[in-house]
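Peer 1: Taken in order, these protein sequences are the chains called S and A.
Here the first sequence stands for residues 0 to 74, numbered as in numbering that gives the first Met the number 0.
Here the second sequence stands for residues 0 to 298, numbered as in numbering that gives the first Met the number 0.
There are no misleading hints in this set.
Here are the simulated lysine-lysine pairs, PhoX-like style, with alpha carbons at most 25 Å apart:
(1) S:LYS56 to A:LYS103
(2) A:LYS103 to S:LYS46
(3) S:LYS36 to A:LYS63
Worth flagging that the hints you see were computed from the coordinates, not collected in a lab.
Source: prediction; values computed, not measured.
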Amino acid sequence: MAFAWKAAGLTYNRYLAVAARVVRRSLKDDKRLAAEKRGEMDLRFAKWENGKQGENKNLAQANEAAISEQGQQGQ
Amino acid sequence: MFTKVARPALKAGQAVASARLPVNAASYATLREIEGRLKSIRNIEKITKTMKIVASTKLTRAQKAMTESRSYGQASNEVFEKAETKPLETEGKKTLIIVCSSDKGLCGGIHSGMSRWVRRQLQDKPNVDLAIVGEKCKSQLSRSNARQIVLSFAGIGKDIPTFADASAIADQISLLPGDYASVQILYNKFLNAQTYEPTVVDAYSEEAIAASANFAAYEIDDSVLPNLREYSLTNSLFWALAEGHACEQSARRNAMENASKNAGEMITKFQILFNRTRQAVITNELVEIITGATASEES
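One chain only, chain A, in its complex shape (with noise of 0.2 Å):
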């Protein structure tokens, strides 16, 4: 009697149970997709944990080359503020602008920083030639200076730069045929570890060095200007290389370190979605287990 008049309701129920179960099911997939996101993003904090601390103990060697490379640049820079040499003004020659920057991206925004100077300088005054050392720049700039570009370098970064790179670079930049009034260098200066400006250093040209007002204090032979203005290119280079490299890792460093955190925010907030999902599904379960007893006892 009562089975008959129950069935309709024990009908609309197994209705209602069935329109769960899809439902029931999204919330199993759920379930399974989080657990698959969670140890995807761990994997990924992971990673960049392993990263950040490549990065730092690269740092610690970046700096003491750096350091170590300043007074390169510093010693052949103190003739230059001896002698007070100045870059020339010549209207009509152009200005090569040699960016040192590296092949390896994953570290913030050095590489754009200074795409993005190089960018805003050429507006002001377009007769510049632009040689790129690293890839990271040169695909930057190509985009939108392609026609300046004259030289790029790629191979920079792996390691320390070495005094035989910036030898290498300077030999293959004095040997363009372009006759430059001015060689600026862009690198990154390392102000400290979390901040860094794209700054220039001047390279002067012979009849720089040969103009500058002091210069009587030193005697210089002619035929060895051209060697003084060698070496010091390679010197600022040199420097450049290695103080863009340290900012380069410890900007990677930062990077890494940001990464780990947000990974570390997004597990604790996938944790917390994915306990709460499996305590629904199971009470879920619960009450249907209840409502069937309670169900098959009442018939």
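Bound-form chain S, shown alone (with noise of 0.2 Å):
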């Protein structure tokens, strides 16, 4: 079984998020706004190597990335 967004290179959650959004965004006026805080995300995210810090990064660009680049390898 072959999905199209596993082909494109996203995780089930990103498909998840996607579909979510979508559905948020359709929903009318009043209850988008209270929806749309349930999916909002703004975590950073360091790597760490050999005990030290990496640096500080945007989790959400840093997982956008990670699906193109994933995508692009798929193609």
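Since each chain sits alone in its own frame, please combine them into the complex, following the hints.
Peer 2: Given below as structure tokens:
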């Protein structure tokens, strides 16, 4: 079973997030504002190597970059 | 006649008075000091009281979010319970522990409780990697086990954790290069408003799911397995984050309550000291005035 989004390099979580965003955006205005708060994510992360903390990066951007990279490898 | 005789005595009295003056001055100073301390303690009490109120209102929201998120985690764990999935005990492969703390302090020992748990675990089996959510546990564990840390996340704990938070963290974790035999999520389990304890939830690897005893009961395509693994990791993470958040708020509420109580005790203590010192100063002054008056009368 091959999924189109899998071929594009998306993870299942990413696929879910996109689907959820679409649903939230298609809600009525009053409900949408409350719902869109649930979709917010503002995390930073850092990779560690040999006991040293690496650079603090924005998680959302890093995830997108990783996914597009995987997508290119898949093609 | 009398004055001449009295002079040395007066002098001595003056000497005593001048000797007492610095003492007097000191007592005035301590009076002011006590006043200053009282004021600052009152301010601290005000702050801790406000923080307690904020934490209590946040706590009710966090508890609601926790009960809601519990169904996510339990629903996804139901599958593994029915399938009797167990973490694989393979030698040589690493275990990943995801520690769910937060960025903020002032909430008693909930972060250090988790750090202690991790340290104890690391003594038994050193072949473990750590992914840490939240600054507090990161700074604690980076002092002792910096080499084991592979990932750290910051920015959690401002508000109730969302599913988007959990899925972003899960994505980043699944991008990790290492091949982990089992992934454990460590979080503070919310027992009641006063107690919590560090607890572990297992997130299974694909092999572990495939090797589970009743796996045949579910018709799962092999290509769907990674999805299930990712999704269940996210679910468990979301649950753990929400429960940890609720614990943190309740712990903060308790900590702030204790702090306000302590401040109140200190205030009463200092108030009594202040009153007593003031009274002593007044009495002292009165004694001086009276002695002065009688002395001048007699002269």
